[in-house]
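Q: These protein sequence lines are chains G and Z, in that order.
Heads up: the first sequence is residues 1 to 395, going by the working numbering.
Heads up: the second sequence is residues 1 to 395, going by the working numbering.
Check each hint, because a few of them may be wrong.
Claimed, not checked - Calculated lysine-lysine pairs in the DSS-like style (CA-CA distance at most 27 Å, straight line): (1) Lys169(G) - Lys5(Z); (2) Lys50(G) - Lys5(Z); (3) Lys193(G) - Lys326(G); (4) Lys144(G) - Lys336(Z); (5) Lys5(Z) - Lys4(G); (6) Lys201(G) - Lys201(Z).
Think of the hints as simulated: they come from the structure by calculation, not from any bench.
As a plain string of letters, each chain reads:
Protein chains: 2
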Amino acid sequence: MISKKMVDLVKGSSVIRAMFEEGQKLSRQYGAENVYDFSLGNPNVPAPQKIADSMVEILRNEDPLYVHGYMSNAGFPEVRKAVADSLNERFKTDYTFENIVMTVGAASGLNVIFKTLLDPGDEVITFAPFFGEYRNYVSNYDGKLVIISPNTADFQPKLDEFKEKITDKTKAVLINSPNNPTGVVYSAETYEKMSAILEEKQREFSHPIYLITDEPYRELVYGDIEVPYVPKYYKNTVVGYSFSKSLSLPGERIGYLVIPSCIEDAEDIISAASVATRILGYVNAPSLQQLAVARCLNEKSDISYYERNRNTLYEGLMKCGFTCQKPEGAFYLFMKSPIEDDREFCNTAKKYNILIVPGTTFGCSGYVRIAYCVAYETIVNSLLKFRLLAGEYGL
Amino acid sequence: MISKKMVDLVKGSSVIRAMFEEGQKLSRQYGAENVYDFSLGNPNVPAPQKIADSMVEILRNEDPLYVHGYMSNAGFPEVRKAVADSLNERFKTDYTFENIVMTVGAASGLNVIFKTLLDPGDEVITFAPFFGEYRNYVSNYDGKLVIISPNTADFQPKLDEFKEKITDKTKAVLINSPNNPTGVVYSAETYEKMSAILEEKQREFSHPIYLITDEPYRELVYGDIEVPYVPKYYKNTVVGYSFSKSLSLPGERIGYLVIPSCIEDAEDIISAASVATRILGYVNAPSLQQLAVARCLNEKSDISYYERNRNTLYEGLMKCGFTCQKPEGAFYLFMKSPIEDDREFCNTAKKYNILIVPGTTFGCSGYVRIAYCVAYETIVNSLLKFRLLAGEYGL
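Extracted from the complex, chain G is given alone in its bound form:
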């Protein structure tokens, strides 16, 4: 009796989540130290101490009716102001609290903006490889996800194909950089070209095309890599942000949307996003979490931990003979499967208690995603197993 749409969704339920459940089962069976679970983007660097300290301080000193109470659906105005001020300082923007809608993580932010924008049949373009959940976020509102094929040379978006696939029905473009699953950071040059194409197509079709940038990994970049601030390149940009990875709070569900006043129909979109937050049943982002992150906007997880993991894993896998895209950000490594069938390769890896996710899940077959937000020992020990796995393919 479940809905027809859900029947298929349950059948093809998230491969990543299924692996997470499987990893927990294997851990019980073989002991956690003998399972190399690279399936889920669950940060393993603890939240900064200031998070717990701020929460305790708020719980001890503030009125519980305020801390746990309702506020405007878009969030506490003072929290939204703190976020706006922080962005203004970092990116020389001029946001007010009204440009910020606090959300139940980035996943809710994307649902809110799609609920706001999409009529049935509207098209949303995204670039493979991409986070598989985008399919659902768009289909929730009867939109159509249009996928640009992957550019496996460097995993920057294929802009020629992009230009061809924009139609009169294109309502939005959804990007994600630093990228899940490749760890690639889209370059300033990419944004310049993408913006020029979008401007041209907006003129051609006489309606706005919104660029929605999903940025949960903004703060997680290595070395001197800079992540361009997308609204600087293209006017009709909406930013979706999450504190899940930057402050290691994935279970708390806290993030925000930036809806700049300069985007077309900004006022309607801001009002509608607030209504969407309510009627989708979020009502508002969790209140204590809102108050806590507002006090921790300058905090960051210890990224050196992930960087050491990245270096050891990347070098280790290359030594095994695998071909890998070197991640510039996030905590994912995208590796070429030695056989065409990435699912079969993942199944073979499972024999060694290595859990990795087929690239097919991300719209990019022939590759696998390795989430290296795990203990350093897991990386080191897994390399012995990856060595054996490589051997199976004559590497």
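The hints should help you fit chain Z onto chain G, whose structure is shown.
A: For chain Z alone, kept in the frame of chain G given last:
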């Protein structure tokens, strides 16, 4: 450029929420003590001390990777078990953790179950007066809300009309007791009759009809009123619960669904609810809040506060000459408007800085809702103004 559906939603945006915003504006203008804002069900009894104590204890003693991390989409298994055990003790049920899905408040629970069950065109029956957001929760999934007209004699459901309006397209029935906006508790007799009708109609149409009971006010009842446990009366019942009111945590967004194993297609529904939680962008209920409520399942807000408010308000309004339904639970009083046009009456009340919500919002014109989860002084002082308001209508 916002979606067509949203254009209307923004226009007719929640009257209750608009009033909340207006109340805040009036407070800034006249001073909070001179505004009688009865618009929103925002608990004014603080959360039990054990909530803050539990959170602080968790934050100080537990691993932050556990406290703030991802878990199964349905919630921490140990939290779900604690909820199941607590229900089993209270209601002599035999739930396991698998029957519990932790949700982002009751609003998300209802969205999750409708996403799970509804195909476009499916009908959901509800009884006026009802919480206006139900319209949106059903239309989010292209369902059709079928409304049974109000029984203004005692505000128990009109079961004859109910029986007539069940069709082959009826997928679910949505009830809410203790009721928002009337404060009425549906009786055991109501459930016996409702169940008999549903059993008969299930046989007639050869498919299950799910009874979804929205119970954020379960613990808020006065005197010796008992709230029947609905799954005892009808097999295909799903319970939606929230800690928003019982523990005064509305901003934190924490609740759960009970999906008993005995309901038809239970296994599919449980799996699908977990998937729906993920793809609607909730991902999971806020993690710290899950852990905190699991430690506070026997806690309750101080209901004597609301009871005093209820008594003073009810008696005061009756003395003014108004006709009121005496609330048995929740913190709402449903009052007959002295004129047919309840919106006009609410506008007149605004002249006295009294903010109350038209019954039309709840599918019951000619009445108004007064949310008495406010300071006792507000009740006392407002009665002077209600006296003047009554005078305008010759009461």
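Q: So which of the earlier hints does this model not fit?
A: Numbers 2, 4 and 6 - these are the hints that the structure violates, sorted from lowest upward.
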